[in-house]
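K.L.:
Please take these sequences and the hints and turn them into a complete structure.
Chains as they are written, first to last, in the numbering used here: chain U, 1 to 257; chain R, 1 to 814.
If you're looking for bench data, these hints aren't it; they were derived computationally from the structure. Bear in mind the structure is a predicted one, so any value in this text is a computation, not a measurement.
The calculated DSBU-like cross-link candidates involving lysine-lysine, where the alpha carbons are at most 30 Å apart (straight line), are:
1. R/K737 with U/K140
2. R/K127 with R/K167
3. R/K484 with R/K539
4. R/K254 with R/K571
5. R/K469 with R/K167
6. R/K226 with R/K254
7. R/K542 with R/K603
8. U/K82 with R/K804
9. U/K140 with R/K745
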Amino acid sequence: METNLQTGVEQAGKSHGSGEVLIRLEGVTKVFYTDEVETHALAGVHLDIKKGEYVSISGPSGCGKSTLLSIIGLLDSPTDGKYWLDGAPVESLNLSERSRIRNREVGFIFQSFNLIGDLNVYENVELPLTYRGMPSAERKQRVMESLERVGMAHRVRHYPSQLSGGQQQRVAVARALAGDPAILLADEPTGNLDSKNGEAVMELLRELHREGATICMVTHDPRYARHADRTVHLFDGRIVDEQDHRAHDEEENPSVS
Amino acid sequence: MGPLVQDLKYGLRMLAKSPGFTAVAVITLALGIGANTAIFSVVNGVLLNPLPYPQPNRLVALYSKTAQFRRWSISYPNFLDWVRDNRSFSALAAYRADNFSLTGMGEPERVPVEMISASFFSILGVKPVIGRLFTARDDQVGAAPVALLAGGFWKRKFGGSPDILGKEITLNGTAYTIVGIIPPSFYYTGSGFHRSDVYVPIGQWNDPTFRDRRTGMGMDAVGRLKPGVTLAQAKSDMGALAAHLAEAYPTADKGTGITLVPLKQNVVRHARPYLLMLMSAVGFVLLIACVNVANLLLARSAGRSREFTIRSALGAGRRRIINQLLTESVLLALAGGGVGLLAATWGLRGALRALPEALPRVQEVRLDIHVLLFTLAASFLVGILFGLAPALKISSTSLQETLKEGGRGTSSMHHRVQGAFVVVEMALAVILLAGAGLMIRSLVDLWSADPGFDPHHVLVFYASFPPIKSIGAIRESFREFQNKLSALPGVEAASLTFGSLPTQDDSELPFWLERQPKPATESQMKVSLFYLVQPDYLKVMKLPLERGRFLTSADTQHAPFVAVIDEDFAKLYFPGQNPIGRQISFDILGRTAEIVGVVGHIKQWGLNEGASSPVLAQCYLSVSQLPDQFVPLMAGGLAAVVRTAGPPVAAVGSIRHALEQINPQAVMYGSETMDGILSDSLSAQRFSMILMAIFAGLALIMASVGIYGVISYIVEQRTHEIGIRMALGARREDVLKLVVAQGLKLALAGVGIGIAGGLALTHFLSSMLYGVRPTDPLTFIAVALILIAVGLLACYIPARRATKVDPMVALRYE
Chain U
1 METNLQTGVE QAGKSHGSGE VLIRLEGVTK VFYTDEVETH ALAGVHLDIK
51 KGEYVSISGP SGCGKSTLLS IIGLLDSPTD GKYWLDGAPV ESLNLSERSR
101 IRNREVGFIF QSFNLIGDLN VYENVELPLT YRGMPSAERK QRVMESLERV
151 GMAHRVRHYP SQLSGGQQQR VAVARALAGD PAILLADEPT GNLDSKNGEA
201 VMELLRELHR EGATICMVTH DPRYARHADR TVHLFDGRIV DEQDHRAHDE
251 EENPSVS
Chain R
1 MGPLVQDLKY GLRMLAKSPG FTAVAVITLA LGIGANTAIF SVVNGVLLNP
51 LPYPQPNRLV ALYSKTAQFR RWSISYPNFL DWVRDNRSFS ALAAYRADNF
101 SLTGMGEPER VPVEMISASF FSILGVKPVI GRLFTARDDQ VGAAPVALLA
151 GGFWKRKFGG SPDILGKEIT LNGTAYTIVG IIPPSFYYTG SGFHRSDVYV
201 PIGQWNDPTF RDRRTGMGMD AVGRLKPGVT LAQAKSDMGA LAAHLAEAYP
251 TADKGTGITL VPLKQNVVRH ARPYLLMLMS AVGFVLLIAC VNVANLLLAR
301 SAGRSREFTI RSALGAGRRR IINQLLTESV LLALAGGGVG LLAATWGLRG
351 ALRALPEALP RVQEVRLDIH VLLFTLAASF LVGILFGLAP ALKISSTSLQ
401 ETLKEGGRGT SSMHHRVQGA FVVVEMALAV ILLAGAGLMI RSLVDLWSAD
451 PGFDPHHVLV FYASFPPIKS IGAIRESFRE FQNKLSALPG VEAASLTFGS
501 LPTQDDSELP FWLERQPKPA TESQMKVSLF YLVQPDYLKV MKLPLERGRF
551 LTSADTQHAP FVAVIDEDFA KLYFPGQNPI GRQISFDILG RTAEIVGVVG
601 HIKQWGLNEG ASSPVLAQCY LSVSQLPDQF VPLMAGGLAA VVRTAGPPVA
651 AVGSIRHALE QINPQAVMYG SETMDGILSD SLSAQRFSMI LMAIFAGLAL
701 IMASVGIYGV ISYIVEQRTH EIGIRMALGA RREDVLKLVV AQGLKLALAG
751 VGIGIAGGLA LTHFLSSMLY GVRPTDPLTF IAVALILIAV GLLACYIPAR
801 RATKVDPMVA LRYE
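P.N.:
The following block contains the structure:
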C-alpha cells in the first residue's frame, strides 16, 4: 500500500501539475439514503489542500462540513467522485486499508474530545500507536513527545474525568499528533470549550501549523476560521466561496509573513 | 399500604412494558427456583418430614454388632432375651423378609412375606382395616398358624371381601387362618423389610438354625422407647444387656454388642449425602440465576437512570426508590417461583418415575405445604437478593452524574459490577461442572469396573420347592433341576446357589484355620462370605480359576468335605503360602473342609467395593455337601444362575416349564439379568449423576447466557468508544480482539476462582466417588476448557457485532 501511495503521488503530481497537494477531491458527492428519503450531503466538491496548509471549512449547520471532514479522514467514503491522499487514490479502499491509512496519515481532533474514559492520558495518546504494532519503547517516546508538545506531560496518569475541557482537548491533540500524521482533521475543536480554553487550543493548532503541520478544521465560528490560511465556505453541500486569509493578513499587517 | 400498592401497580406495568425482558428473567428464575423446589421436595419428603407413624422420634432400629458389622442380623434367642430383660422399650418387634409359595389359589405363586413379632404393627401405630393384629399367643411355636394380609393383596386376590376373616390360605404347604387386613397405605422402609403381601408370626418358626443363638438369619428389629427414656439411656441399658448375654452365652455372644439407631436416621442414612449434595448444587444454580437476573436488571437500570433522576428531583428518597425497585424484582421472582413450581411438579414426577428405587421414602415425596412455603420464601429472598444490587446502584447515582452522562450510562463502575457478577456465575458453574464431572467419571469407572465375574448373558432367579419330607428327595430334586436347566436349549451352564449372591445377598460363616485351637467364642473366629453352589457355577460366572480345581460332581455328601476359596481369602489367611490342601473348620456347619482350589474375587458388596468392605474373604462350598439339617432351609428358597447363549430373559419361559416338570408345586420368581442387578446397584449414583449433570448443564447455559448478555451490553455501551478506536485506526480484528479479550478476562477470572472453590468443595463428594480423586486434574482441566470455550463463544457473537460498528454513526452519536 505504501508503494501504491508513493506511485499515486507521482501520478497525481503529473496529472495536476503540483507535487505539494496532500488532499485532492474532485467532484465528490455524498448521498445518504434513509427509507425513501435521499439526502445530498455533498454535491460535487472540488478541493485541494496543500502540504503544510491550514484550511478551515465553515458554513451553516447541515451544509456538509462534518461529512466532508469524514470523507477526508477516511471515516466515510464518497458516493461518487475522486479522492487522492498524498497522490494515491483512496476513494474506493476497503475497510481494512482505510483503517490502516487513517491510523498512519490522519490525526483527528473532535469537538467532544472523544478520549476513552477508562484509559489514562498516557494510554489515550498511545492508543493509535498500538494499532500500528509499534514497539513499546518507541511508543513511549512518541507519546511523551506529543504530550510535551501540548504541555500535558505532567498529567500522564490522570484520567479524562480528572481534567478540564481544555486539558482534555490538548490530550486529544497530542493523540492526533502522536502518530505523526500527514494531516490533522479538527471537527469544531473549540465547540465544547469556553472562550479562554478555546483560544488556547486554537493557539496550539496555530503553533503546530507554524511547525509545519497540515490542518483541516471545521468550524462555524468566523473568529476561529480566520486562524487558518484559507477558509472554504460550504452551503448545501457545495463550496460556494473561498477566502485566503494570508493575503488579507498581509494587507492588514505587512509584517506578518 | 399506599406506596406499596403504587409500587406494585407500577412494577406490574413496567414488567408488562418489557415482555422480552420479563420473559427471560422469569424463565431464568423459574429454572433456578424450579430446580430448588424439586430437590427441596425430595429433601423434605425423605430427610425432613417425620416418619409416618405416631411419635416417630421414639422409634429405634436395633441390630447386633460384631467386630466386622455394626449392623448385623439378630439371633432370635438373643432377641427374646432383649424383649424380656430390657428396661428402655415399651415394645420390641423382630421382622424378617422371606418369600412363601402360595398354593391352592390357581397357579402356584411366590408371595413376599414378612415374618413379624406380634407387637410389630402396634409399635408403628398401625391398626387393621378389619380383624385383629397378632397377639403374643399367636407368636410362639405350636400356635395355630395365622396370617395378616396386606390391603393391596386382599383387594387383588380376594376382591376386598369383608368376610375374608377366618378363611385360610396355604403358604409353603401350611394352611394359615386370615385374622386381619393391614391398610393398603402401610409401608415400612426399615432395612431388611420388603413390601409384603402377607405377614406371619415370626415366633412360630421352629427352624433349628433360626433358633441357634449363633446365627442371625437376616432378622432385624424395631422398638418404641418408653416415654421419658432417651436414646442414650437406651443404649446404655442395651449395652449392659449385651454384656450380660456375653457372660451367659460366651460362645455365641462374647464380643457381640447391640446397635441402636433412630429409625429415621437408619432409613435415610444412605440418601442423606446425595440429597445434601444435590441441594447444594441447586443452590448454586439458583445463585447463578439470581446473578443473571441481577445483571439484566443492572443493564435495564442504566436505561432507566433518567427516570430515577427525575423521581429523585421530584423528591423521592433513596429508600423509596430502593423499595420500588425491590417490589419489581420480588414481583419477577414470584412469577419465576410460580412457573418454577409448575416445572418442579413435572420434573419431579419424571425423575421419580425414572428412578424410583434410588431413594428411600420415595412415596412421601410430594409438593406439600412445606414445599410451597419453601418456594414462596425462596422467591422472596431471591427477589431481594438479585434486586438489591441494581437498586442500591441506581439509588446511589447522583443527579449530577446521571445528567453528565446524558442518560447514556457508560460508567465503567457499572461494567465492573456486571463483570464481577459474570465472574461469580462462571465460578459457580465451574464448581457445579466439576462436581458433575467427577460424578460422571465415577459412574463411568463403576460401569467399567470388573465385578470379578462376567455378568453378561447371566440370568438370576429364585425357586422354591414345596415341603418335602425326605432330605434325599430334596437333594435329588436339586440335581434333577440342575440337569434339566443345563439341558435346556440356549442354556450354556446352570448352577443352583444358596448363601451369598453377588451384590444381592450376603451370608457369612465363622471359621478357624487348621492347626489352631477352636476359638472359645464365635466373635473370635474369622468370617468368610460363603457361596453354596454347584460345579457349573464357575462356567456360569466365568470365574478365573487361579489354583487347584473348582468343585466337581464328585464332591458329593459321601466324599471328603471340600472348599474353594477366593484370592482375597488366600491373601488374608495364607499369605505367601499355597492354600491347596489346607483345612478350615466351620463352626455352624460342624464340618472341616479341605481347600482344593482358589478362584478370583467377586465384588460382593457392589462395584464400588473397597478395602473397607466388611468381609472380603469368600469361599465356595458344594450344594451336594450341605449337611442334612440345612437342606430344607435351602429348599424353601434358593437361587439359580444360568448362562445363556442368547438374551437371558428369553430363557425364563423354558426354565419355568422345566421346574413345573420336576414339581408342579415349585415356584420360580424374581428373575432378573445379572447386568440388570449390577445396573440397579448403581441407581443412587446414576440418579445423582443425572441430576448433577442436568444442574451443571443449566449452570453452563445460564453462565454462557450471562457472559453473552453482559458482553453484548458492554459492547452496546461502548459503541461510541469503539467508534473512536476505529477512527484512530483500529481494524475490525483489533475490535474483535478487544471485546473477546474483555470476555475472556472475565471467563478466566471466573474459571480461576471456580477451580479454587471446586478444589475446596469437591472433597465433600469423596464418599460418593469411585476411582477418581475429588481433585482429579483431568476433570478440572476439562471443565476449565469447556467454560473458557463457552465463554469465548458467548463473547464472539457480540464481538462480531462490535466489528460492524460504523465509526461515523458511533461518532455522530456524540
